[in-house]
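Working from the sequences, and respecting the hints, build out all of it.
Number of protein chains: 2
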Amino acid sequence: MKKLIVLIALCLSSQVFSQTDEDVLKQIYKTALVEGKSYSWLETLSIDIGGRLSGSLNAERAVDWGKAELDSLGLDKVWLQPVMVPKWVRGAKEFAYIKAGSGVTTNVNICALGGSVATNPLGVTASVVEVKNFEELEALGEAGVKGKIVFYNRPMQADLINTFSAYGGCVDQRYMGAVEAAKYGAAGVIVRSMTLNIDDLPHAGSMTYEDLPVSKRIPSAAISTKDANLLSTMLKLDTSLQFYFKQNCKQLADVKSYNVIGEITGSQFPNEYIIVGGHLDSWDLGDGSHDDGAGIVQSMEVLRLFKTLKIKPKHSIRVVMFMNEENGLRGATEYAKEAKAKGEKHVVSLESDAGGFTPRGFSFDCTEASFNKILGWKPLFEPYLIHYFIQGGAGADVRPLKTDSNITAGLRPDSQRYFDHHHAANDTFDAVNKRELELGAASMAALVYLFDTHGI
Amino acid sequence: MKKLIVLIALCLSSQVFSQTDEDVLKQIYKTALVEGKSYSWLETLSIDIGGRLSGSLNAERAVDWGKAELDSLGLDKVWLQPVMVPKWVRGAKEFAYIKAGSGVTTNVNICALGGSVATNPLGVTASVVEVKNFEELEALGEAGVKGKIVFYNRPMQADLINTFSAYGGCVDQRYMGAVEAAKYGAAGVIVRSMTLNIDDLPHAGSMTYEDLPVSKRIPSAAISTKDANLLSTMLKLDTSLQFYFKQNCKQLADVKSYNVIGEITGSQFPNEYIIVGGHLDSWDLGDGSHDDGAGIVQSMEVLRLFKTLKIKPKHSIRVVMFMNEENGLRGATEYAKEAKAKGEKHVVSLESDAGGFTPRGFSFDCTEASFNKILGWKPLFEPYLIHYFIQGGAGADVRPLKTDSNITAGLRPDSQRYFDHHHAANDTFDAVNKRELELGAASMAALVYLFDTHGI
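As you go down the protein sequences, you meet chains A and B in turn. Residue numbers for the first sequence follow the working numbering, beginning at 1 and rising by one. Residue numbers for the second sequence follow the working numbering, beginning at 1 and rising by one.
Wrong hints could be hidden among the right ones.
[As the list claims (entries may be wrong)] Only pairs whose alpha carbons sit at most 27 Å apart, straight line, appear in this in silico DSS-like list of lysine-lysine:
no., chain 1, residue 1, chain 2, residue 2
1, B, Lys30, A, Lys226
2, B, Lys132, A, Lys26
3, A, Lys132, B, Lys183
4, A, Lys310, A, Lys226
5, A, Lys37, B, Lys148
6, A, Lys378, B, Lys345
7, B, Lys226, B, Lys310
8, A, Lys26, A, Lys99
9, A, Lys30, B, Lys132
10, A, Lys345, A, Lys310
11, B, Lys378, A, Lys378
12, A, Lys30, B, Lys226
13, B, Lys183, B, Lys148
14, B, Lys37, A, Lys226
15, B, Lys26, A, Lys132
16, B, Lys146, B, Lys132
17, A, Lys67, A, Lys87
18, A, Lys378, A, Lys342
19, B, Lys314, B, Lys77
20, A, Lys373, B, Lys226
[Claimed, not checked] Which residues of chain A face chain B? A few of them, derived with a C-beta cut under 7 Å, are:
no., residue
21, Ile161
22, Lys307
23, Gln416
24, Asn433
[Stated by the list, open to error] If you want the ones that stay clear, here's a sample from chain A, every Cβ over 10 Å from chain B, calculated:
no., residue
25, Arg90
26, Lys236
27, Leu385
28, Asp414
Just so you know, the hints here were simulated from the structure itself, not pulled from any lab data. What you are looking at is a predicted structure, and each value in this text was computed from that prediction instead of being measured. All C-beta atoms, glycine included, are put in the ideal place defined by N, C-alpha and C.
Now the structure itself:
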């Protein structure tokens, strides 16, 4: 009899919610696919605004646009969080060529890496030494490197199924290449673009000089993979060939910018936060549609879906458009600092920053107990062909929010096409598929709903 | 002691094979991704040959190309299997406009459906009646339909996650629309294109007149989704508007064509066949890269991978390039007929005909016992992010080979982008991603390897 009462009580309690998790997820996916807004938002952000490097006029316009759109959603709060960001400018288009011993020159496609110094105004001409890694560089030493251009040419590994693993295995060349080569007196650095495609596009991205004095900083640029292959082949035939490149990029003083934040205040736990976000800044060569316009509009869509479906969350749900992920992470740092100062408890922080491709699942940085609980939700996602739940790193913007007890998480879309576009001139709106983008937004909303309903 | 002997025997036996299934799959995926040939094959088939409608010169060229490429692989046998195929030709580009009551005309994008008759040489002008399905058509009856153009405008359902389900729910309009409308004396048929995109591209595809006498056959065309929306909106404002279209397509006499077949003869069961295939013909508007150039080159790659990795199969492994899937299925019918006549036992027939997108899994038409055995292989595929194993229909070309005891199967790639390109002018090489295509080929090779090694 007691069991029966419990059973009836359970039935009644489930009637109070009146909808099962399955039903809510179905509504979320249906609404995102049939009357979603993420794609038209992305069209505006990508086409009307475009590439939005931190500190640029376009980044300012993106902030204004983001706030205006959030204002229109009827959220409980929308605000701008000020943050000082670096302002690096590319300047005039870079120019580079290979000069063979015969004197014949072949133009190649390069772009200055973000944060790099300019060459001198007339450009740098030097012979080239090709290396695959820092060990080879060290073995060459000052005798082999001084006065030369170091050409880092270790390709991304094509047999890794997750292309982010292939990226992770190569990006040290781009980020640390200049500081390592400068140790041996190199005149400059050329880095093979971080892509698996063999094409003509140089891929930008950040690099560092660490604490190198300004006088020791050497210019650093990415070269397209096709031209990297060409340079490597020509070097094998003629080690005395010369490489010329000119770039007039510049690091200016920091400028004021903003994170854009919107909130639906929780009905039961208003001071406990589940946040969804992406980064509003992008590189400047394309329009930043995949990196990370997609994450921005998907995060906005999560809150819009909650409003449209009249889901009243127990926790406060925030969308955070982080500023300056690409070359400083200042927005994320500032957001985490203020959250800590105010004692805001961030229970779950979910980022989308891996492109607007078909979602395959999520990665979670969390306790074993939380992960096991999350694994229990896998069947709810299977109708949407979401199968991939792993413990692993979340996005860079939510990492500063990690504590021992909370969860940071990342949407994991299909990664095959991501590095075809990453930081390059073809990261543009036409490379985003409407349904793939919408499925990602729906998957994020579904996960947020489950966290809000069932806790962590 | 007995247990120890068994254990040693097991170790020795596994050493005889010298490689575990995991190792072989790793080699298959690595070879496909690092030194695959499928993408460069597709480039030739798509760019150098192009769209290859059954009976066309391009289809002939594709047959010659396919045979030459198979000849170069060092297979045990390569041959052409003759088959008579229909030859339908589009003729001059179609032309259509909406004429408002005011007399103002608006051009719209249409294409004749495959198998349709021409309009009369001056075109058809008639008023339009819009229906969503055959029930609405029947309700209108002859009084509402006679002399008019029937406009089928039921859209694909966007909230279905698998876009093939959405296609399946609509394609009756295209295939049966003319024969149904002719019953009530319609002057012609315009069908909303089978795509979830709202764009300007009409999507071709086959239609039937069943046993309708030639004199009763009415012309049938697809209209782009954007123009379907326009026509529907204009009709709401002005039911008396006129629609004009002109097409001069034609059904000619059947011509001789071929299936292209290559074989690695099995070492233990030479008269038991595992086949992989796709269809060599395509529609004519694009170059047929996804439908089904991808399936062709992936199937070729399966046999090339076996040769490259020196895997000597126990069963005979065949690649079959089926002719005329799109508008007749003559190649598949002939292949199955001859296989039956010769008593060739087809244990597994695997088709790739759903585009060259990231593979998600396979569908199997097989016994429960076989399916359970296959499910046991799922962990082998997880490192390659293949999670989706279902019982369901295989491709059209392998269906005629189905028996009670054998297996037909289909590769299941991600379906989100497929109908953006399906049968339209943008089914072109640039819409195929190299790695996605290669992962599909590797997945097919892996499955074939497991069937060959472990049986069904």
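Verification of the supplied hints:
Restraint check: the Cα-Cα separation between Lys30 (chain B) and Lys226 (chain A) comes to about 22 Å, which is no more than 27 Å; the hinted pair holds. Between Lys132 (chain B) and Lys26 (chain A) the CA atoms are separated by roughly 25 Å; this keeps the pair inside 27 Å, and the hint holds. Between the alpha carbons of Lys132 (chain A) and Lys183 (chain B) the distance comes to roughly 72 Å, so the proposed pair goes past 27 Å and is violated. Proposed proximity of Lys310 (chain A) and Lys226 (chain A) is contradicted: the alpha carbons are some 52 Å apart, above 27 Å.
Distance check on the hinted pair: Lys37 (chain A) and Lys148 (chain B) sit about 38 Å apart at the alpha-carbon level, beyond 27 Å; violated. Taking the CA atoms of Lys378 (chain A) and Lys345 (chain B), the gap is near 40 Å; set against the 27 Å cutoff, the hint is violated. A distance of roughly 52 Å separates the Cα atoms of Lys226 (chain B) and Lys310 (chain B); the hinted pair therefore is violated under the 27 Å criterion. This hinted pair does not check out: Lys26 (chain A) and Lys99 (chain A) have alpha carbons roughly 61 Å apart, beyond 27 Å.
Pair hint Lys30 (chain A) plus Lys132 (chain B) holds up; C-alpha atoms about 21 Å apart against a cutoff of 27 Å. Annotation: proposed proximity of Lys345 (chain A) to Lys310 (chain A) holds, straight-line Cα distance about 24 Å (limit 27 Å). Under the criterion of a C-alpha separation no larger than 27 Å, the hint pairing Lys378 (chain B) with Lys378 (chain A) is consistent with the structure, at around 16 Å. Between the alpha carbons of Lys30 (chain A) and Lys226 (chain B) the distance comes to roughly 22 Å, so the proposed pair stays at or under 27 Å and holds.
Annotation: proposed proximity of Lys183 (chain B) to Lys148 (chain B) holds, straight-line Cα distance about 12 Å (limit 27 Å). Only pairs whose Cα atoms come within 27 Å are accepted, and Lys37 (chain B) paired with Lys226 (chain A) is accepted, the gap being roughly 19 Å. At roughly 25 Å between alpha-carbon atoms, Lys26 (chain B) and Lys132 (chain A) fall within 27 Å of each other, so this suggested pair holds. At most 27 Å may separate the alpha-carbon atoms for a hinted pair to count; Lys146 (chain B) and Lys132 (chain B) meet this at roughly 17 Å.
The straight-line distance between the Cα atoms of Lys67 (chain A) and Lys87 (chain A) is roughly 22 Å, inside the 27 Å bound, and the hint therefore holds. As the CA atoms of Lys378 (chain A) and Lys342 (chain A) are separated by approximately 34 Å, the hinted pair breaks the 27 Å bound. Using a Cα cut-off of 27 Å, the hinted pair Lys314 (chain B) and Lys77 (chain B) holds, with the two alpha carbons roughly 16 Å apart. Restraint check for Lys373 (chain A) and Lys226 (chain B): the C-alpha separation of about 45 Å exceeds 27 Å, so the hint is violated.
About 5 Å separates the beta-carbon of Ile161 (chain A) from the nearest beta-carbon of chain B, less than 7 Å, and the hint is met. With 7 Å as the threshold, the beta carbon of Lys307 (chain A) stays out of range of chain B, its nearest partner Cβ sitting at about 19 Å, so the hint is violated. Satisfaction of the interface hint for Gln416 (chain A) is found here, the shortest Cβ-Cβ separation to chain B being roughly 5 Å, below the 7 Å cut-off. For the restraint placing Asn433 (chain A) at the interface with chain B, the shortest Cβ-Cβ distance is roughly 5 Å, inside the 7 Å limit, so the hint holds.
Under the 10 Å C-beta cut-off, the non-interface status given to Arg90 (chain A) relative to chain B holds; the minimum distance is some 28 Å. Every CB of chain B lies more than 10 Å from the CB of Lys236 (chain A), the least distance being 20 Å, so the non-interface label holds. Remark: the non-interface label on Leu385 (chain A) conflicts with the geometry, its nearest Cβ contact in chain B lying 6 Å away (cut-off 10 Å). The Cβ of Asp414 (chain A) does not lie farther than 10 Å from every Cβ of chain B; its closest approach is about 5 Å, which violates its non-interface assignment.
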